[in-house]
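Q: Listed below are the residues making up each chain.
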Amino acid sequence: MKLWAVSSLVVVPLWLICFHSVAAFDADEFQSKVIVTAITYDDGFGSPLKTPGGIWSDPESGELYVTDAGNGRVIIYDRNLASKFSFSHYVVDPQTNLKVLGEPKAIAVNKAGEMLLIDGRTDVLDLLDFRGRVVAQCRPNILLGDSALKVRASFVTMDEHDHFCLLVTGDMTRVLIIDAQLNVVSQFGEKGDLPRQFDAPTAVFVNDGKIYVGDLRGKPAVKIFDTAGTFLTGFGGHDVDRRDLTFPVGFGVLDLGEDGKYILVADALRQVIKVFTPEGDFFTSIGGIGVAPGLLQYPSGFASDGSTALYVAERVGNRVQRYEIK
Amino acid sequence: MNRVALVVAALLVILSGCGPHVATTVRIDEKIPAGAKLAVLPFENLSGRENASEKITDYFVLSLQSVSRVSVAEFGQTYEQMRKTRVRSSAFLTNDQIDSLSAGLGAAYLVVGSVIEYNEIDNQYLGKIPQISLNIRVISCRTKQTIWSSAINARGDQGEVVFGLGAVRSKDELAQKIVSQAADHIGALVAK
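Those protein sequence lines, which keep their order, are chains A and B.
Our numbering puts the first residue of the first sequence at 1, with every later residue one more than the last.
Our numbering puts the first residue of the second sequence at 327, with every later residue one more than the last.
Read the hints as simulated data drawn from the structure, not as lab findings.
Positions of the beta carbon are idealized from the N, C-alpha and C atoms, including for glycine.
Certain hints may be false.
Said to hold, decoys possible - Distance windows between CB atoms, simulated:
#1 B/E380 / A/Q95: 45 to 53 angstroms
#2 B/L452 / A/T37: 58 to 66 angstroms
#3 A/Q95 / B/G402: 37 to 45 angstroms
#4 B/L388 / A/A228: 47 to 55 angstroms
#5 B/A477 / A/P48: 27 to 35 angstroms
#6 B/N445 / A/Q95: 27 to 35 angstroms
#7 B/K470 / A/A136: 32 to 40 angstroms
#8 B/R375 / A/T96: 51 to 59 angstroms
#9 A/D255 / B/T469: 54 to 62 angstroms
#10 B/G374 / A/V135: 53 to 61 angstroms
#11 B/D498 / A/D255: 33 to 41 angstroms
Unchecked claim - In silico contact screen, one side only, chain A against chain B (beta carbon under 10 angstroms); selected entries:
#12 E60
#13 K84
#14 K99
#15 G113
#16 R121
#17 F130
#18 P278
#19 E279
#20 D281
What the hints assert, rightly or not - Which chain B residues stay away from chain A? Per the calculated CB distances, all over 12 angstroms, these:
#21 N328
#22 S392
#23 E400
#24 Q403
#25 T411
#26 N421
#27 I424
#28 Y451
#29 R463
With the hints as constraints, model all of the structure from the sequences given.
A: Set out below in structure tokens:
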């Protein structure tokens, strides 16, 4: 009896310590720490957002870039969603050859402040300086070495070498890595049904030496490659499991230090941001459909600042929300 | 012959005094010290005309370089400093942005402004004539105050004397004239 009592004094606390370490940050606790700290519905001068799409969080300057497709412009906010600058984006309409207001769709920014902008009205990619002036242009088919290809860039992000990482779809499906001089550094990917192939890729993200590609129809829904383009693994399907996704539109990462690192995926049709461990295990989700702060109306763009803040642009909600993990 | 020469001379005298002019000037009493460095920031383009602000900015940099007793930062350096500090617009400069530009360029004064109009209008007799409107400010980096500002509205027919003589027909020519005059006004701020 005495032995049991003594050993329980040792074993029980040890068990509690271990259990406490494993359950230091569970899903409920995570949910309780997620709060919306800023929302913007306009450009800071009273002009409302109209179908905002792409979003980019610049770690260099702490700024947030939002493509406001319906208004043909890009808006730059500070990290608290106070507007700093905006510029209109014009393209040459391929039908009429006239200069018209574009529909900026996706954007990424390198360390020099140069932006690579994808516009829905043209296949031409614009490299813009920090004030939004065009400094160079290219076409994805030229980058792929075949001017006869009918391809378009659909998503852009940055890799860890300050290169632009483009998702190209159409006659050919590729992930293209290009430098600031718009030279192709590397490329990988092909269309198909295999896990390492793409069916309808929608978003790409680079973190910690891995390239994540979201796929609307292909399985797994999130495919993970190394920087050489070798398929490593994947997670999620398109069914009703918690890990499953329908329309991944953007990725982010949360690094909460001792509380762990998480990969987040915004799903435009499920109206949620799903939170996964780096191994692809489902952890929790944020959002849900609705108009109240914290809820989502067709998220179209998603970004994280790499530590504790998330930004979501909503195509139907016509707003940008900032979530923080407190 | 003497009469003809007299008329021509009189016309030349009249023409030399005419031309587009700085319409409004507000002056605050502060002299620019001799040897000070000025930096011209890219003018904002509110005219809707492509490249209008680039031209005006370029003309200002050139014109101010001929102002004696001050130096002007190379525009490339100015632009690079703006890039580093992500200063995109000179219309809404914060104190921190002024400090960072001043420190990076060694500039004591910033020249900023906006191009409001840069187009052509119809003149009954002259046909198309240029019309340019600018707002210009000189900001002290030390006090963050505007020490000089001007609103310029100029038309190509303002200098016309008779039968189109003295009229300015091209936008670029008009722009160079009014920028040159504005630079002279700024030059007059420099302490002797």
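Q: Indicate, hint by hint, whether the structure satisfies it.
A: So, going through the hints one by one against the coordinates:
Distance hint check for B/E380 and A/Q95: the Cβ-Cβ separation is about 29 angstroms, which falls outside the suggested range of 45 to 53 angstroms. In this structure, B/L452 and A/T37 meet the distance hint of 58 to 66 angstroms, their C-beta atoms being roughly 60 angstroms apart. Taking 37 to 45 angstroms as the suggested C-beta distance range, the pair A/Q95 and B/G402 conforms, at roughly 38 angstroms. Between B/L388 and A/A228 the CB atoms are about 51 angstroms apart, so this pair conforms to the stated range of 47 to 55 angstroms.
For B/A477 paired with A/P48, a C-beta distance near 31 angstroms keeps the hint of 27 to 35 angstroms intact. Between B/N445 and A/Q95 the Cβ separation comes to about 28 angstroms, which falls inside the hinted range of 27 to 35 angstroms. The supplied range of 32 to 40 angstroms is met by B/K470 and A/A136, whose beta-carbon atoms lie about 36 angstroms from each other. At roughly 21 angstroms, the beta-carbon separation of B/R375 and A/T96 lies outside the given 51 to 59 angstroms, and the hint is violated.
For A/D255 and B/T469, the hinted distance range of 54 to 62 angstroms is not satisfied, since their beta carbons lie about 43 angstroms from each other. Distance hint check: the CB atoms of B/G374 and A/V135 are about 22 angstroms apart, inconsistent with the given range 53 to 61 angstroms. A beta carbon spacing of about 54 angstroms between B/D498 and A/D255 contradicts the range 33 to 41 angstroms that was offered as a hint. Residue-level restraint check for A/E60 holds (minimum Cβ-Cβ distance to chain B is 9 angstroms; threshold 10 angstroms).
Restraint check, A/K84 versus chain B: the minimum CB separation of about 7 angstroms is within 10 angstroms; hint holds. Residue-level restraint check for A/K99 holds (minimum Cβ-Cβ distance to chain B is 9 angstroms; threshold 10 angstroms). Taking 10 angstroms as the C-beta contact cut-off toward chain B, the hint placing A/G113 at the interface holds, the least distance being around 6 angstroms. A distance limit of 10 angstroms between C-beta atoms decides the matter here; for A/R121 the minimum to chain B is near 19 angstroms, and the interface restraint is violated.
With 10 angstroms as the threshold, the beta carbon of A/F130 comes within range of chain B, its nearest partner Cβ sitting at about 5 angstroms, so the hint holds. The closest approach between the C-beta of A/P278 and any C-beta of chain B is roughly 32 angstroms, which is over the 10 angstroms cut-off, so the hint fails. A least Cβ separation of about 37 angstroms between A/E279 and chain B goes past the 10 angstroms threshold, and the interface hint is therefore violated. At about 38 angstroms, the closest approach between the beta carbon of A/D281 and any beta carbon in chain B exceeds 10 angstroms, and the interface hint on this residue is violated.
With a minimum CB-CB distance of about 59 angstroms to chain A, B/N328 clears the 12 angstroms threshold, and the non-interface call stands. With a cut of 12 angstroms on Cβ distances, B/S392 stays outside the contact zone with chain A, its closest approach being about 27 angstroms. No beta-carbon of chain A comes within 12 angstroms of the beta-carbon of B/E400; the shortest separation is about 17 angstroms. Listed as outside the interface, B/Q403 is consistent with that label: its C-beta sits roughly 15 angstroms from the nearest C-beta of chain A, beyond the 12 angstroms cut-off.
Some Cβ of chain A comes within 12 angstroms of the Cβ of B/T411; the nearest lies about 9 angstroms off, and the non-interface call is violated. The beta carbon of B/N421 sits about 15 angstroms from the closest Cβ of chain A, which is more than 12 angstroms, so the claim that it is off the interface holds. At roughly 16 angstroms from the closest C-beta of chain A, the C-beta of B/I424 stays outside 12 angstroms, upholding its exclusion from the interface. For B/Y451, the shortest C-beta to C-beta distance to chain A comes to about 34 angstroms, beyond the 12 angstroms cut-off, and the non-interface label holds.
The Cβ of B/R463 lies farther than 12 angstroms from every Cβ of chain A, with a closest approach of about 19 angstroms, so its non-interface assignment holds.
The structure shown violates the earlier hints numbered 1, 8, 9, 10, 11, 16, 18, 19, 20, 25.
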